[in-house]
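Number of protein chains: 2
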Amino acid sequence: MYYICPGLLFANLDIQLCSLLGITFVPKPDLLLINATLLVNPVDGCMQEDAYLAVADGAIVGIGAMADLPAQPEAEKIIEVAGNLVMPGLVNCHSHGAMTLFRGLADDLPLMTWLNEHIFPAEARLVDAEMVYWCSKLAAAEMIMGGTTTVADAYFYEHAAAKAFCEAGLRSVAAQGIIDFPAPGVPEPKQNIAVAADFLAAWQGKNSLLTPALFCHSPYTCGPDTMQRAKALAREAGSLFFIHLAETRDEIAQSKAQHRKTPVGLLHGLGLLDENTVCVHCVWLTEDDVRLLQETGAKVVTCPESNMKLGSGIAPLSELLAAGVQVGLGTDGCASNNDLDLFQEMASCARLHKVASREPTCLPASVLLDMAMGMGAEVLGLARQTGCLAVGLRADCVIIERRKPHLSPFYNPGTLVYAGRGSDVSTVLIDGRVVMQDRRFLAFDLAETLDEVRRLAKRVRAGE
Amino acid sequence: MYYICPGLLFANLDIQLCSLLGITFVPKPDLLLINATLLVNPVDGCMQEDAYLAVADGAIVGIGAMADLPAQPEAEKIIEVAGNLVMPGLVNCHSHGAMTLFRGLADDLPLMTWLNEHIFPAEARLVDAEMVYWCSKLAAAEMIMGGTTTVADAYFYEHAAAKAFCEAGLRSVAAQGIIDFPAPGVPEPKQNIAVAADFLAAWQGKNSLLTPALFCHSPYTCGPDTMQRAKALAREAGSLFFIHLAETRDEIAQSKAQHRKTPVGLLHGLGLLDENTVCVHCVWLTEDDVRLLQETGAKVVTCPESNMKLGSGIAPLSELLAAGVQVGLGTDGCASNNDLDLFQEMASCARLHKVASREPTCLPASVLLDMAMGMGAEVLGLARQTGCLAVGLRADCVIIERRKPHLSPFYNPGTLVYAGRGSDVSTVLIDGRVVMQDRRFLAFDLAETLDEVRRLAKRVRAGE
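If you read the protein sequences in the order shown, they are chains F and Y. If you use my numbering, the first sequence corresponds to residues -15 to 448, in order. If you use my numbering, the second sequence corresponds to residues -15 to 448, in order.
Hints may contain errors.
One copy or any two copies: either way a pair holds, since identical chains are not told apart in the list.
Unchecked claim - Here are the simulated lysine-lysine pairs, DSBU-like style, with alpha carbons at most 30 Å apart:
| id | residue 1 | residue 2 |
| --- | --- | --- |
| 1 | K388 | K61 |
| 2 | K147 | K174 |
| 3 | K147 | K388 |
| 4 | K147 | K190 |
| 5 | K442 | K388 |
| 6 | K240 | K174 |
| 7 | K174 | K245 |
| 8 | K12 | K190 |
Hints are computed from structural coordinates only; laboratory data are not their basis. Please read these numbers as outputs of a predicted model, since none were measured by experiment.
Excised from the complex, chain F in its bound form:
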């Protein structure tokens, strides 16, 4: 038996003494990570050497120095970290998992050609619940193997994506798509809110790893009435409301022509901005837009690699962060990125903003780590569950194998941002479950998923 208080782990203490001392009693840990270097606080770069991390019932129940452990610690399972780095799992704040099927299908094309001649036709022809299920499983595997333990996903047939994420053991916010056009699974646009309501009802409280939400595609594909009804539904259900916003200059021009407002101004005028609204992209913002986002507590997600590859532009991240807006990092879908690797997304984000501002001090590594961990969790309303290594939070953490040429030397956690990549993750815990160990993927039968996606990819090719 172990008795654990924050930061310490004792063997064989008297239970009544513990109670008197205010020490919490917990059963023997399910899992103990030993001889770890813990990235306790990404923001200040603090690393704790020679440490342990104890997990019970899916939660972190102890963090402390190896010296405070008994010589022969007891646990259901012990993982020898051997001096490698243990850090919080990464939080991908925006993706369309099922779009892994369209990875690299139509690169380097003008935006409208890409959308109208390739992505939309392929979606119309191929997206069904089965496709979403298998391709979301592929996305889940890619994310887990890259150290992502939480994803905010947004697509159609989202119940199939939700099923895939739950089977993978990936923590997720799964958002059902809403759009004023015939969409996969919603052939009749008038039903889009009803389908979304059914999705929320079906998934609320169903699985502790999954939070259902809504994804209104954008102000240029959803009318004001649809957006307001969707937001009302989200408010009623206490759910997050995601929306693509201010992604391209064309969108700004169209919004001004049609509504005489910027996209952010439009949403604000419709009463849609609050702390449960997550605005994705926000590339083209005015000073007023930044102020409105800050005042309403709305969240922002930036997807730099997608914005770069599509030539959309560069989001005013420094201005948003300086104003106190919470910003998460997202990979976007594989049609425009083309991978789901948050390590590379951190590096791209930092480098892009340095070169755009001609200022190497812009967006230091600590800010990127925060965006991909703690602040990302806050954007998704999950900060009490994930995003840092602390007793009481769920055990979402990853082990980074540091003894590799490209991570040597390893002076500080900035090396994770500028030289790390998803493949450096050796072991992943989500909610205390070991879903990958020493690069062996354990969450589900990966070969089966790869085969199923290969079969679907043949259909994509046949239609080209």
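Once you have looked at the hints, place chain Y on chain F.
Just chain Y now, kept in the frame of chain F:
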């Protein structure tokens, strides 16, 4: 015995018949890659499925369809590629290998603080032949493990770097540094040309994998006389002349103030630009500069991740390529990148230029693959040795394991650019030698090098 003509491999043909038919006789291959998907031409994206590649005496001696091989092909060693991708090894056109020691030492700082308070003092204190040897070995391991088979390196104590690259079996252009300040190994600047001449003399013709060259640091650290003497030495020896050029706006301003010319104009006026001059960075160019580079046949190397991280700016790559200037891709050193992964460099380069131009068609994947392969080899004067898969060239090639979530589906080689990373390389051949197989690094004792670099890193830390 095998008798091989371009593209075909026959068993047991009569040698006189072969001679009559103009078929070249070669001994049994040393190595045969079977059941491969060959990336024959990165520029047109052409992939040849179900193919073999035969290697003898370090050269590619046969490429063809598996159907043309005998049922039981003979070779000293056969590698089953199992449908994975075989492509040319990548060419890193600019690096400072030994600076792996300073990876992540001082990120996110203003340029002058970074240089004057961190990098220069650390170099002054720590750079000696032993440091350059071990840290260049680390760089060689990182590059090989990331699919790079040729590097153009530039540093001081370059003989120690040359020794490291030769031991690693890495193809290299090793350039001895020249600078008008006391430098590692050259405490008396007046000796800088003499030291460089000794380096050229010592290494010319010594090892078929290594081409010695000169690296004049920059026009702001070398006077006109030094640059001219260095270029004269390079011309005499038939060597490449590398120089950092037009990297920052400050450099342009300084050049104009001091010489009334742009850096490119200055070099041209001094008679330093020709087809054996390799201008590294070229971020800030005028139209006249581009024309001068084109007219003289000078080469350019772009290092986008370094230029981004240091906030230097964005090179006019589209203009250079449109003018017909040959442009290679370089990682630069680890103090400013912070890794040596050319896959990620390709992605960063493509994405950066798309977002800077707001044009997703800018720098398509095929151009990046060309810059990192064939055109890179041309920049280094090595196009008759490496950079593509063709009979007669040296066998520098890598196997990419495609059956991974982040590379699935794999519709075309663009996926290498936008989703590939160094860690996807499973096996590497350089000059026909297998230096890594199935991620097992075979070139030298990697653990020893990691230990030696760790020892040096402790000295770096102690001095901070």
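Do the hints match the structure? See the list:
In this assembly of identical chains, the alpha carbons of K388 and K61 lie at most 30 Å apart whether taken from the same copy (26 Å) or from different copies (28 Å). For a Cα distance limit of 30 Å, the shortest separation of K147 from K174 inside one copy, 25 Å, qualifies, whereas the shortest one across copies, 71 Å, does not. With identical chains, the CA atoms of K147 and K388 are at most 30 Å apart between copies only, with a shortest distance of 22 Å across copies and 36 Å within one. Within a single copy, K147 and K190 get their C-alpha atoms as close as 11 Å, which meets the 30 Å cut-off; across copies the closest is 62 Å, which misses it.
Proximity of K442 to K388 under the C-alpha cut-off of 30 Å is restricted to the inter-copy arrangement: shortest distance 17 Å between copies versus 37 Å within a copy. For the identical chains of this complex, K240 and K174 are intra-copy neighbours only, at 26 Å inside a copy versus 65 Å across copies, given an alpha-carbon limit of 30 Å. Only within a single protomer do K174 and K245 lie at most 30 Å apart by alpha-carbon distance; the minimum there is 26 Å, versus 66 Å between protomers. Taking CA atoms no more than 30 Å apart as the test, K12 paired with K190 passes inside one copy only; the shortest distance there is 28 Å, against 64 Å between copies.
Comparing the model with each numbered hint stated earlier shows that all of them hold.
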